[in-house]
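Participant: Sequence:
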Amino acid sequence: MTTQIGGDTQNTEDPDLGSLPANAQLVQLADDLKVYTTSEGEARYIYNEIWADGCYDGAEIPDNPFIVDVGANIGLFTIYMRRKYPLARVLAFEPAPANFLLMRQNLKLANVRTSAPGVVGGVESHPKALGAEDGRARLRYYPNLPGNSTLRPEDKEPLRAALQESMTEEFAAACFDVYETVDVRVCTLQSILECREIKRIDLVKIDVEGAELAVLQGIGTLWNRVRNIMVETMESTGVREEIEALLKEKGFAIKKKSADGLTVIHAYRKNEGKIAADPGGCFNLG
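Note that the numbering used here numbers the sequence shown so that position 184 is 184, with each residue one more than the last.
Everything labelled a hint here was simulated from the structure, so no lab data went into it. Just so you know, even glycine gets a beta-carbon here, dropped at the ideal spot from N, CA and C. Misleading hints may appear alongside valid ones.
As the list claims (entries may be wrong) - Capping the alpha-carbon separation at 25 Å, the derived lysine to any residue pairs in SDA-like fashion look like this: (1) LYS250 / LYS34; (2) LYS84 / ASP63; (3) LYS128 / LEU163; (4) LYS250 / ASP260; (5) LYS84 / ILE254; (6) LYS34 / GLU60; (7) LYS199 / ASP177; (8) LYS84 / ALA161; (9) LYS257 / THR221.
As the list claims (entries may be wrong) - Ranges between beta-carbon positions, derived for each pair: (10) ALA173 / GLU194: 21 to 31 Å; (11) GLU154 / ASP63: 18 to 28 Å; (12) GLU60 / ARG113: 23 to 33 Å; (13) ASP134 / ILE198: 16 to 26 Å.
Put together the whole structure using the sequences plus the hints.
Facilitator: Have a look at this one:
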């Protein structure tokens with residue numbers, strides 16, 4: 001792995017295990033949930049999005065689902081799904097080294113067991129990005145706004161401009177002008193899953209800050225195994241319609257909700273894994 005800060009480049013190994021970031025802090029998000037994060041405000045925002053707003057609720061999945069978390073960040077969605085579905089098996093992918101280490105620590109704090117042979121359920125985590133093809137890519141990691149770390153930094157310009165207008169130039173600069181460039185491994189979902197004995201993927205959650213279409217393209221020949229997909233996309237990237245067209249082409253029906261420049265798309269198989277009558281949260285559209 002190559003980390004670039006300013007003009008200096010240094011090689012490191014994949015962040016399998018190591019010390020937490022120097023600016024990590026332990027934050028109490030709820031009576032029964034503490035997490036390590038480098039941005040308390042962002043962690044609380046994501047927690048509210050998942051727990052309070054139920055943004056990823058609404059998919060009809062079995063009690064022992066197979067779930068893929070693409071863009072796992074510090075692990076909040078994975079923790080939520082494992083608590084909601086104790087028998088769930090989750091594959092979690094997070095390419096940013098700092099976020100990956102925080103996720104691993106947060107899974108331990110939440111008593112979420114890792115997957116192992118002969119064990120029902122569990123979480124298997126990978127320090128990788130998912131994309132349209134196997135290879136490597138350059139990830140821009142924002143230490144002050146880590147959930148916005150991206151393979152497509154140009155997509156962050158509208159958000160930076162909005163923060164500058166609504167807050168201050170200094171705040172926007174702290175969020176987006178302070179960054180590290182990290183060389184990360186990219187795999188396709190097909191390459192990860194085709195050698196596994198997994199016949200049904202109950203839910204794929206995608207929150208990858210502009211690379212959503214590439215992740216979907218990387219499903220390759222395995223589309224018929226997927227029952228539900230939850231995709232968060234930024235309207236400013238201009239790819240939502242292309243994403244929806246691809247999902248419909250692959251036989252999915254679509255439900256969506258937009259707010260604050262973001263759209264969460266729930267794609268589901270008709271008559272199978274479809275939206276409940278009143279799912280609540282982001283998909284309670286009336």
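Participant: Of the numbered hints stated previously, which ones are contradicted by the structure, given in increasing order?
Facilitator: 1, 3, 4, 6, 7, 8, 9, 10 and 11
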